[in-house]
Each structure stands twice: as C-alpha cells, then as structure tokens.
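Residues per chain, in single letters:
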Amino acid sequence: MAAAVSTETVNITVNDIELVVPKGELVVEAVKRLGLEIPIFCYHPRLKPVGMCRMCLVEVGFKQPDGTVRKMPKPQAGCTLPVSEGMAVYTDTDAVKRDRKGVLEFLLANHPLDCPICDRGGECPLQNNTLAYGPSTSRFVEMKRHLPKAYPLSQYVTLDLERCIQCGRCVRFTEEISGDSQLAFRFRGASMQPSTFQLTDFESKFSGNVIEICPVGALTSAKYRFRARPWDLQTSPGICTVTPCGTNIWFDHRSGKFVRVNGRTNEGVNEEWTCDRTKFGHDFYNAADRLATPFRRDGEAFNAASWSEASQAVLAAFADGGEGVAVLVSPTLSNESLFMTQRLVRDTFKTNNIDFRPSGGLAWSERLENKYGLDPVGGTIADLEHAGSILVFGASLADEQPMTFLRVRKAWFSHGARVVVAHEVATEADSFADVVLRYNPGSAAVVAAGLRQLLAKVEGKFTPEHVESVSGVPADKLRAAAASLGENGAVVTTRRLAKPAAEILAVAAHETGRTFLHMGPHANTEGAAALGALPDTLPGGVKAETAGLDTKGILDAAAAGKLKALWLVGVDAFSLGDRDLVSRALENVETLVVTDYRPTESAEYASWLLPLALPAEQDGTYTSSERRVQHMGAILQAPGEARAQWQVAQELAARSGAAPVFSTSEVRSLIDSVAPDYASLTMAKVIDGGELLPRRGQSPHDLEKLAQTLGGL
Amino acid sequence: MSFDVFRDVAKPIVSGFGITARRLKADKVTVQYPEERREQFPRTRWRHVLTRYDSGLERCIGCSLCAGACPAKCIYVEAAENTDEARFSPGERYSHRYEINMLRCIFCGYCQDACPTGAIVLRQDFELANYEREDFIYTKEMLLEPIR
Ligand code: SF4
Ligand code: SF4
Ligand code: SF4
Ligand code: SF4
Ligand code: FES
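So the sequence lines, in the order shown, correspond to chains W and A. Heads up, the final residue of the first sequence is numbered 734 in the working numbering, and it's a clean run with no missing numbers. Heads up, the final residue of the second sequence is numbered 739 in the working numbering, and it's a clean run with no missing numbers.
Hints listed in this document are in silico derivations from the structure and should not be mistaken for laboratory results. Positions of the beta carbon are idealized from the N, C-alpha and C atoms, including for glycine. Treat the hints with care, since some could be wrong.
As the list claims (entries may be wrong) - For each label pair, taking beta carbons as the anchor points, the in silico distance ranges come out as:
hint, chain 1, residue 1, chain 2, residue 2, range
1, A, Ser646, W, Thr158, 48 to 54 angstroms
2, A, His687, W, Lys53, 38 to 44 angstroms
3, W, Ser677, A, Ala663, 48 to 54 angstroms
4, W, Phe127, A, Ile697, 30 to 36 angstroms
5, W, Val563, A, His687, 52 to 58 angstroms
6, A, Tyr701, W, Gly45, 36 to 42 angstroms
7, W, Arg676, A, Asp716, 47 to 53 angstroms
8, A, Leu648, W, Asp304, 29 to 35 angstroms
9, W, Gly277, A, Tyr644, 55 to 61 angstroms
10, A, Tyr644, W, Glu163, 22 to 28 angstroms
11, W, His407, A, Leu648, 57 to 63 angstroms
12, A, Tyr701, W, Phe161, 27 to 33 angstroms
13, A, Leu694, W, Ser686, 35 to 41 angstroms
Claimed, not checked - Below, a list of computed lysine to aspartate or glutamate pairs in the DMTMM-like style, where the Cα atoms sit at most 20 angstroms apart:
hint, chain 1, residue 1, chain 2, residue 2
14, A, Lys731, W, Asp253
15, W, Lys431, W, Glu196
16, W, Lys244, A, Glu683
17, W, Lys170, A, Asp716
18, W, Lys585, W, Asp368
19, W, Lys244, A, Glu669
20, W, Lys170, A, Asp675
21, A, Lys664, W, Asp253
22, W, Lys118, W, Glu58
23, W, Lys278, W, Asp723
24, W, Lys278, A, Glu669
25, A, Lys731, A, Asp716
26, W, Lys84, W, Glu106
27, W, Lys69, W, Glu288
28, W, Lys278, W, Asp310
29, W, Lys165, A, Glu683
30, W, Lys170, A, Glu676
31, W, Lys226, W, Glu197
32, W, Lys170, A, Glu683
33, W, Lys278, A, Glu690
34, W, Lys520, W, Glu445
35, W, Lys170, W, Asp253
36, W, Lys244, A, Glu672
37, W, Lys244, W, Asp297
38, W, Lys118, W, Asp37
Whenever a hint applies, use it, and build me the whole structure from the sequences.
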C-alpha cells in the first residue's frame, strides 16, 4: 500500500528524464511510469513499505537553483522514499549497480542456493534479481549456516528457514491484510526468523497468500511440494468455483492434470489474494474415483453404458413426467448448465419441480426484490472499500465470503471505516470491529429490528432495553453500534441469515441510504436464482404460473412414494439435511438418476450414474455473490465421456424434439432472450475481469409490510 | 569416333582390377559389424544413462532442469520426496518418474549440460533400433545405471 497519494503533482527527473508524478508517490512506483524497474524484495504494492532488504537502492539528488544536481551522499531505499519537488532519481549509475551487487552478495552469502530442488526455482525473484543485477560468482567460501529445512508451519505451508531473506512480507501480510497476525519475527539480526509466536500451527484462512508473496522459496506449499517446476506447467486463467466470491485464479496444470492454484489479479474481486479454500481446495479435479462413463444399475452392480442408452433411459423416466418427477441441481454449475437444465425440466419434463437450495428457501413473493422491490445485492465487493461504516450481520465473513472479508478489513485498515459485527459466535471480524454485538441464538431478527429503530430513528417496541432482554446484547452496546455506524455506509450479510432479520436489515439499509449486500453461499447461487433453477421462478426472475416443489417438498414427496423419478445433478442429497428423510426419499423413487463427477453417497441408490465434467473442464460463465458474471474456458479435458450438464440437458431436449444447441455461446443467446439482465452483458467484458449484472435499482413498494414481519417477532 | 574393343573395354577392366589388386595390400577399413565394432570417440553422445554415486544412491534429484533445457521437449520428470525409509538420492528430492522419448531426442546433449548433479549423461550405446514406437520411451528403470 503506497503512502497516501494526493492529486497534487510534483516535477522529478528519473535518469534525467523529466516526469510529473503525484506528490507522495514512492520512488519505486514513480519509475514504473517510464517503464523502468527498480529491483525489490521486501516492497509489495499492497503492503506498507518497511525498507528491510535494501535491494531497491537508488541514487537520489535534488536540483539546485543553478541547475546542477546535488546527490545525497548515500544511496536511498526507493521503496520508502516518497517523491518531492525537484527530486532527481538515478536508477542505473555505476554506484547503484555496485550497491545492488553488494546487497545480493550479502543475501547469497547466507543462502543455500539449492535452486534445483527449490519449489520457487524458475519463478524466484532472488534468482531473477541475481541474474539481472547480481555478481556472477561468489567470493564466499566458508561454511553456510544451517537451519531447519521443510519445517511444516501448517498443513499447507512449509517453511525452509535457510532460504528466508527476512523481508517480512509474510509477517506484514498476516498483520495488514489477513489480520490474523499469526506470524512474527523471532530473534534479531542475522538470526531473525519468521514463525508463529508459540511455534503453534500457522492458522489462517488466507495462509496460501504468503507462499505467493514470499520472494524466495522459504514459504512453499505443502501440497505443491516437488509436484512440478514452473516450466513444466501450463497456466490458464480460471475462476474459483469452491467459494462464492468469484476469485480470479491461475489454474496451473501439467499433462492434463490439475496441479496448483495461484491468485490472479482482479481489482474488483480479490485484488490478488486467494483464500485457502480456493488455493488448496481444488484437489477434487484429480480424484481417483472420477466417473468417466455412464453407469447403469443391474441388480447390485453398476455396469458401464453408453450415453445413448443413458439418455433414452432418463427420457423414458422423466419426459412429460409432470408432478411425478423432480430435479435437484447444484448451485456450482455454470449459468449455461443451470439454464439448459431448467429449460429441459420445464419444456420436456413438464414440471416446475426444480430447486438448487439446500432447504427451505423463500417463495417468490417473499424475496426482497419481489416483496419490497429492494435489491438483495445492491453493491459490490469493491464498493465496500470506501464505505464509511460497515455492519456485518449474522455472518462469519472469513468463512462464508472470504474476499468480502478482506475488503471489509481493508476498508477498516486503510481507510478507517468503522465496522460493527453482530453474530451469535465469535468471528475473525471481531478483531477489528468498533463494536461487537453478540446475540443469543435465534434472536438475530430482534437485534436487527433494534438496530433499525436506532438507525432509521423510528419509534417502535424494539428499544435497546427490549433488545437486551431478548438477545442479551447490552442496551448501551446497541446504542454504541448505532452511533458507530453513523449516517451512511454498507450492510453486509449472507443468505445463511434467517429471513426476518435479512428483511429488516434490507429495509433499514434502504431507509438510511446504505448499500445492502445479501450474499449467496455458492459459486453460482445468483445465477441459479436468476436463470430459473427454482420451483416458482422462471429465468429473468419471472414468477411461474404454478409453483413446483422446493427441495424440502421434493424430498418429502419422494419419501412418501409420490415421485416416480428424481435426478440429482451435482448434488449429494445427503448434504441437504435430515439423513433419515433423504434415505427414505432415495429408496422410494423408482428411478434415481445421479449426475456427479465421482460416486457420492446418494449414488449408491442410483439407477443411473452419469459422469459430470467439472467447471474447468468446460466452457461456462458463473455469477458470483456480488452478481459479477465471469467466464472460464475449458482448461482441462474431462475424463473419458464425462459431459457438461448443459450438453446432457440439450441432448435430452433434442431427442424429444427441441432444436439442438451446439455451443455455450448458443446457450448464452438463449439466456439473453429470456433474461434481460444477462442480455445487457458484453462477452468481452465478462471474459476480461467479469461484468456486473445491472443493479435492479431500488423501486421500493409495500415497505409497510415490514410492520407485519416485526409484529411477528 | 569409332568403337575400339581394346581401348574401350579391355583396358578399363584391366586397370580396374589393378586398383583392386593394389588395395588388397592396404589395411582394411570396413569392420564386420556386429561381430566386430569400431572404437568410439570418448565424447560420443548416444543413449542416455542416469548415473549413481559410488554409494549407490542416484544422482538425479528430479529437478527437471534437463527437461527445461531439452530443445525437443522429450524428457518427462516427476519428482518425489525422499524419506529415511525409502531413500533414492541424497537430500530431499529424487526423480520418481523419469522418461526420455528417444524418437524425439536429437542427441544434442543439452540435458547433460543442464544437469546440476551430473546425473544424466549421454554414453556410447548407439544401438537404439526397435520394433514398437512405445519401446522408444525409455523409463527411469531402463536409464538407471545398475548398482556396481
Ligand atoms: S529461493 Fe530462489 S535462489 Fe533460493 S534456492 Fe530457491 S530458487 Fe534458488
Ligand atoms: S519467509 Fe519469505 S516472506 Fe517471510 S520473511 Fe522470509 S523471505 Fe520474507
Ligand atoms: S540429448 Fe538433447 S534432445 Fe535428447 S534428451 Fe537431451 S536435451 Fe533432449
Ligand atoms: S537428470 Fe539431472 S537435470 Fe534431469 S532431473 Fe535429474 S538431476 Fe535434474
Ligand atoms: S524493497 Fe526497498 S528495502 Fe526492500
């Protein structure tokens, strides 16, 4: 993070070339404007400069009135020096070159130089800087220091102390960005070592990032350890589909096998960070039991079958099934897959029995946008950075919305936003919250109502004292929270928060002019909802004439033997709750079709088991929790005959007479014809950084209905 | 020009036999391969060998530098970690899989040049013919020197 940059400019020269730059910009950043580079180790544009490694030494002077330049007697660290009027910077004089050689020689004196076995070799800033600026031979003939190698800091991060150059990037990351302050330096001088305080595990939800920002191979990934060298890998831009954030990633693969994930810069979403679920949670691509062909159940056994047989069998069981058939889909499928599946369900299966939500879920008329005309996601992750105050309600953001968490923390750390956290249990965000409201389980709505009353300055029964009696939140804490939240800002919560609380918060946010973000839990929750994977909603958010069964209804109907056929697409029914109900449901349907990438528990009940291609194995778009539509191309090949769900759905539709669809771009034009939000997107933007779906815009109506909700508390 | 049997037929034949007769006295240059073999130059670069240290441990540390240097992209290396129970090479890392596609190899020796431990060397075995294409994928087991 550069020092505060004002709009004022100053005149400087870099290697005698004149340049106008914002006042206060750091010298390392200013020279980039000329395409020059100052070598660095400890400086990181998103961290505070500390000047620990001295790699960035430059000569600096000032213009004298007579036009000459008077140089400072000693070289200066470019990463800690802000530019000022008349400054003359020299980045490649003989003195600077000598200084760089000297710095590198010192660093290398203590460095093991085991590049051939170092996971950083090939993409190592120390190698690169040494090659570009360093001495070509060593004068150091003495014994090198010996320190622990491959010390496991955590299950993910391995520390090789010999390679550490004590730049402090890892320590600063945990202090400034992730906020868990897990790492610190022990000892001083040449024996300085990064480690956790009590030599405990490095417990952080963002620990993977230190591997990427460490300028040497001191911190390496335990999962990537010795798996490949950078030049063995192919890398492709991808999107994380295991979190709802839409984190941009580099998807590294070798010989068609997934190898590792690195953060990819997208200022709007993840800046350059990843959470550990993203960084270390993609191993399922290499699952040993990936399905590669359709399987038919013959008695107890599963026998491989062809897609053609499978399609016929599925059609025979589902086509024109009406009320007797149902489909549950996963909200991690692509927009294209979800859209084609719901189209198949409605047009060919002639039913509205489709749902993606684990349980319950709101009916069409109960949803914020329909009930009140309020936008459930009225802002973006990036907007949060400049919100003066942020209320985080009923969510453990670091777990549920990791990138939103980092942005909220950045708003507090870099821009002084006041943060209020209200939740039943302690969360990471408590550490920087101005006020923490810890309420009793089940009393979220009352706390929300109490906050609304204070913020919107309305009368009602939810006085701080009443709230205290119900929720256990002290009355003055609630008042302090309202005071801290001030006049404007943002309200962040997730779909996990039960209905009345979210509704009250949405109205409160509207009444007080705050941005409201009600964020969904999966990679494509928003897409599934917008594109009609719901029993009562058609693509484009249009209400269905007759509502079908929701997840709970489907399971109940199946358990009662009222369903002839059930299709689970990417969903393990046992993850949907009540195991008893689920096993009865699965036993009682005649035909159970399970589409998944590997055999799940539900698959044991299946009549047909169909192989599913994973997100990186197909072309597709995803709508993240801030309603950003992003694209991921087919990076890997799906194993065997595994297919993307949109292909399966289109084949079934085509077999029963619909016009065939040959590509995802054709699917996207179909989507555009029924979902105006998606029609307004430009594919070029979707591919390059993603594009936000248009805000619905607030068109509030029926706000008085809230009184009913409040009355019910 | 008229045709002359002596000048145009008999004389060339006789002088031809003369050359042969003179050669008969000189040393022979052909060898009776495969029974006989010519001595090779010491720096001949043919079939690769993965060498070992005198202790019997493999030199190869699975660093993939040879694969990176190879202009024909015909080396595939997969590394793994040594443990005290299963130790293949000194240090932390060894090559778990090492393959060279001899059909693509151009015997340039860059791999030998790049190798930091002197593990991969090109030696003098040039008899690489085979019947199946698959047989030209030389695996680590085929390349590794036997323990002396
Ligand atoms: S950190 Fe860089 S310089 Fe050091 S051993 Fe690893 S690759 Fe080599
Ligand atoms: S472990 Fe890496 S990031 Fe941390 S201080 Fe050492 S060199 Fe810097
Ligand atoms: S000799 Fe040349 S072409 Fe053959 S494996 Fe070595 S580097 Fe590759
Ligand atoms: S042969 Fe040499 S260069 Fe190739 S992987 Fe083994 S040690 Fe590395
Ligand atoms: S980059 Fe400036 S001192 Fe390290």
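Going down the list of hints, with the structure as the test:
Remark: the range hint 48 to 54 angstroms for Ser646(A) to Thr158(W) is contradicted by a beta-carbon distance near 30 angstroms. Between His687(A) and Lys53(W) the CB atoms are about 42 angstroms apart, so this pair conforms to the stated range of 38 to 44 angstroms. Between Ser677(W) and Ala663(A) the beta carbons are some 52 angstroms apart, a value that agrees with the proposed interval 48 to 54 angstroms. In this structure, Phe127(W) and Ile697(A) break the distance hint of 30 to 36 angstroms, their C-beta atoms being roughly 42 angstroms apart.
For the hinted restraint 52 to 58 angstroms between Val563(W) and His687(A), the CB-CB distance of approximately 56 angstroms keeps it satisfied. For the hinted restraint 36 to 42 angstroms between Tyr701(A) and Gly45(W), the CB-CB distance of approximately 50 angstroms leaves it violated. About 59 angstroms separates the C-beta atoms of Arg676(W) and Asp716(A), a value inconsistent with the hinted range of 47 to 53 angstroms. Our hint of 29 to 35 angstroms for Leu648(A) and Asp304(W) holds, since their Cβ atoms are close to 32 angstroms apart.
At roughly 35 angstroms, the beta-carbon separation of Gly277(W) and Tyr644(A) lies outside the given 55 to 61 angstroms, and the hint is violated. Range check, Tyr644(A) to Glu163(W): Cβ separation about 25 angstroms, and the 22 to 28 angstroms hint holds. Under the hint 57 to 63 angstroms, the C-beta atoms of His407(W) and Leu648(A), about 60 angstroms apart, fit the expected range. Range check, Tyr701(A) to Phe161(W): about 29 angstroms between beta-carbon atoms, so the 27 to 33 angstroms window is met.
For the pair Leu694(A) and Ser686(W), the beta carbons lie near 39 angstroms from each other, so the given range of 35 to 41 angstroms is met. Between Lys731(A) and Asp253(W) the alpha-carbon distance is near 18 angstroms, which keeps this suggested pair within the 20 angstroms criterion. For the hint pairing Lys431(W) with Glu196(W), the CA-to-CA distance comes to about 11 angstroms; that is within 20 angstroms, so the pair holds. Restraint check: the Cα-Cα separation between Lys244(W) and Glu683(A) comes to about 15 angstroms, which is no more than 20 angstroms; the hinted pair holds.
Annotation: proposed proximity of Lys170(W) to Asp716(A) is violated, straight-line Cα distance about 40 angstroms (limit 20 angstroms). Note on Lys585(W) and Asp368(W): the hinted pairing holds, with a Cα-Cα distance of about 18 angstroms set against a maximum of 20 angstroms. Restraint check: the Cα-Cα separation between Lys244(W) and Glu669(A) comes to about 15 angstroms, which is no more than 20 angstroms; the hinted pair holds. A C-alpha spacing of about 15 angstroms is found between Lys170(W) and Asp675(A), which places the hinted pair at or below 20 angstroms, so the restraint holds.
Among the hinted pairs, Lys664(A) with Asp253(W) is consistent with the structure: their alpha-carbon atoms are about 10 angstroms apart, no more than 20 angstroms. At most 20 angstroms may separate the alpha-carbon atoms for a hinted pair to count; Lys118(W) and Glu58(W) meet this at roughly 13 angstroms. At roughly 54 angstroms between alpha-carbon atoms, Lys278(W) and Asp723(W) are farther apart than 20 angstroms, so this suggested pair is violated. For the given pair, Lys278(W) sits about 13 angstroms from Glu669(A) by alpha-carbon distance, which is consistent with the 20 angstroms threshold.
Proposed proximity of Lys731(A) and Asp716(A) is supported: the alpha carbons are some 16 angstroms apart, at most 20 angstroms. A hinted pair counts as satisfied when its Cα atoms are at most 20 angstroms apart, and Lys84(W) with Glu106(W) qualifies at roughly 9 angstroms. About 18 angstroms separates the Cα atoms of Lys69(W) and Glu288(W), which keeps this hinted pair within 20 angstroms; it holds. At most 20 angstroms may separate the alpha-carbon atoms for a hinted pair to count; Lys278(W) and Asp310(W) meet this at roughly 14 angstroms.
A threshold of 20 angstroms between alpha carbons decides the hint, and for Lys165(W) with Glu683(A) the separation of about 18 angstroms falls inside it, so the pair holds. For the proposed pair Lys170(W) and Glu676(A), the alpha carbon gap of about 18 angstroms is at most 20 angstroms, so the pair holds. A threshold of 20 angstroms between alpha carbons decides the hint, and for Lys226(W) with Glu197(W) the separation of about 14 angstroms falls inside it, so the pair holds. Distance restraint check for Lys170(W) and Glu683(A): the Cα-Cα separation of roughly 9 angstroms lies within the 20 angstroms cut-off, and the hinted pair is therefore satisfied.
Our distance criterion of 20 angstroms between C-alpha atoms is met by Lys278(W) and Glu690(A), whose separation comes to about 18 angstroms. Restraint check: the Cα-Cα separation between Lys520(W) and Glu445(W) comes to about 16 angstroms, which is no more than 20 angstroms; the hinted pair holds. Distance check on the hinted pair: Lys170(W) and Asp253(W) sit about 24 angstroms apart at the alpha-carbon level, beyond 20 angstroms; violated. The suggested pairing of Lys244(W) with Glu672(A) holds, with an alpha-carbon distance near 12 angstroms, which does not exceed 20 angstroms.
A C-alpha spacing of about 12 angstroms is found between Lys244(W) and Asp297(W), which places the hinted pair at or below 20 angstroms, so the restraint holds. A distance of roughly 17 angstroms separates the Cα atoms of Lys118(W) and Asp37(W); the hinted pair therefore holds under the 20 angstroms criterion.
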